[in-house]
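Undergrad: Based on the sequences and whatever the hints tell you, model everything.
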Amino acid sequence: MAGAEQKGESPEDVSRRRFFTLMSLGVGWGGVVATLGGIGAGAARYMFPSVLYEPPTVFKIGLPSGYGMGVDTKLKKERQVWVVRNERGIYVLVAICRHLGCTPNWFSDQKLFRCPCHGSIYDPHGNVVGGPAPRTLWRSAISLDPVDGQIVVDFNLRQDPDPVGTPEGLMVEEASREVEPYFLKV
Amino acid sequence: MWELFQRIRSVVNKTQAFKSIFRHGFPNNDGNRALVMFSNIILHLHPVRVRRGALKIKFTWCLGGLTFFFFILLAITGVFLMFYYVPDTNRAYGNIKDLGTVIFFGDLFRSLHRWSAHSMVLFVWLHMTRVFFTGSYKPPREFNWVVGVILLSTTLVLSWTGYLLPWDQLALWAVTVGSKMAEASPLIGKAGPFGAELGMNANNDITFALLGGTVVGQSALLRFYVLHCLALPLVTALFIAIHFWRIRKDGFSGPL
Chain A
0 MAGAEQKGES PEDVSRRRFF TLMSLGVGWG GVVATLGGIG AGAARYMFPS
50 VLYEPPTVFK IGLPSGYGMG VDTKLKKERQ VWVVRNERGI YVLVAICRHL
100 GCTPNWFSDQ KLFRCPCHGS IYDPHGNVVG GPAPRTLWRS AISLDPVDGQ
150 IVVDFNLRQD PDPVGTPEGL MVEEASREVE PYFLKV
Chain B
0 MWELFQRIRS VVNKTQAFKS IFRHGFPNND GNRALVMFSN IILHLHPVRV
50 RRGALKIKFT WCLGGLTFFF FILLAITGVF LMFYYVPDTN RAYGNIKDLG
100 TVIFFGDLFR SLHRWSAHSM VLFVWLHMTR VFFTGSYKPP REFNWVVGVI
150 LLSTTLVLSW TGYLLPWDQL ALWAVTVGSK MAEASPLIGK AGPFGAELGM
200 NANNDITFAL LGGTVVGQSA LLRFYVLHCL ALPLVTALFI AIHFWRIRKD
250 GFSGPL
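Protein chains in written order, with numbering that gives the first Met the number 0: chain A, 0 to 185; chain B, 0 to 255.
Take these hints with a grain of salt, some might be off.
Simulated restraints, written as ranges between beta carbons of each label pair [to be verified]: (1) B:Gly212 - A:Val32: 32 to 40 Å; (2) A:Val32 - B:Ile56: 26 to 34 Å; (3) B:Trp114 - A:Val32: 19 to 27 Å; (4) B:Ala230 - A:Ala40: 41 to 49 Å; (5) B:Met0 - A:Ser23: 25 to 33 Å.
Chain B stretches covered by chain A per the calculated footprint, using a threshold of three residues with CB under 8 Å from any CB of chain A [as the list claims (entries may be wrong)]: (6) 55-62; (7) 77-85.
What the hints contain is simulated information worked out from the structure, not anything from laboratory work.
Ideal placement from N, C-alpha and C gives every residue a C-beta, glycine not left out.
TA: What follows is the structure, given as structure tokens:
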């Protein structure tokens, strides 16, 4: 009796065949889609290199005692930063103009940074005192290495406060900028 | 939603640009269905009329099609490799090492490129052997045989120029040997027949032009890179187009 049911073309048999057909199609096309998706994802991942051949973005710049009062320009070419010491401590300005990304120059006689491209002017705090720059200069995060006491700069971790428009230019209150990790009281 | 799609389609179908791309109506009758096949080179690479027997897999074994498949695969994987490879004698070997070790999928793309290259050479030979045994080089297809021989040459030179790019010992000495063979070219090689009589020496013969110097060095690497990634693929693609055009024009004679 059971054998007769299996042999005959009962609705259960047809639906079983249909079930396996659909499942085979599902597994087959699912495999195709998964393979193509995997290749696509892998190819996209390929475009993001795991090893970089470019200057490090976290680097040491020597002991704090190596930097005297005012703006130090010796790292501008190699690391694209200025190291500034005032009465309270040290901060690191990023030597990238906030207008279109040129490198400004430090004029020690005028005590100003002036950008050669479109004439943006910054004071030693990074405030904009002239030209088209819409924001103040970035300051990079700095810390002291616990082993050798050197200053460690994290170039891409940057302070970017909203400036206030004044008759003198775009200003940020200095006290609000002299906070960790963008300032070292040394 | 469906009505919106239909409305957009009816507008797009009436545009001049659409009509210039699809030169037939919607394939909902036999006439238009035939036109879809006849007027589209991708859907219908074969001649418009083919004998049933010629379409049997045992006639061509699709060897030319497989060769073309490897060429496409080589072009795609080659573009990927170009993102990381610099043809500089100080950096090339390191770039290849990086592809094999630290770049995600780098080993896969390089291996695909390498094995496809070997396969393409192999399948060109198999394809030509098949063409020989089925007599498909005979009139009126002599021209396509000549195009095929040119494609064999560009395939081999592509393979050889790619051989140098990893800049390892194998690459260096393989190309050193290969350039010695170029020196033996008749008339234009310094060691070939009539070469010395025509004034060929190490500074003016064909090997000098090939290597951009007298040793396999930086200029040779750059020349081989440009030939491998730009010049030879363009020439090969051009002759592949002519090859396919001749297949469509010459037709299939079918199994003997």
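Undergrad: Starting from the hint list further up, note which numbers the structure goes against and sort them upward.
TA: Hints 1, 4, 6 are the ones this structure does not satisfy, whereas the remaining hints hold.
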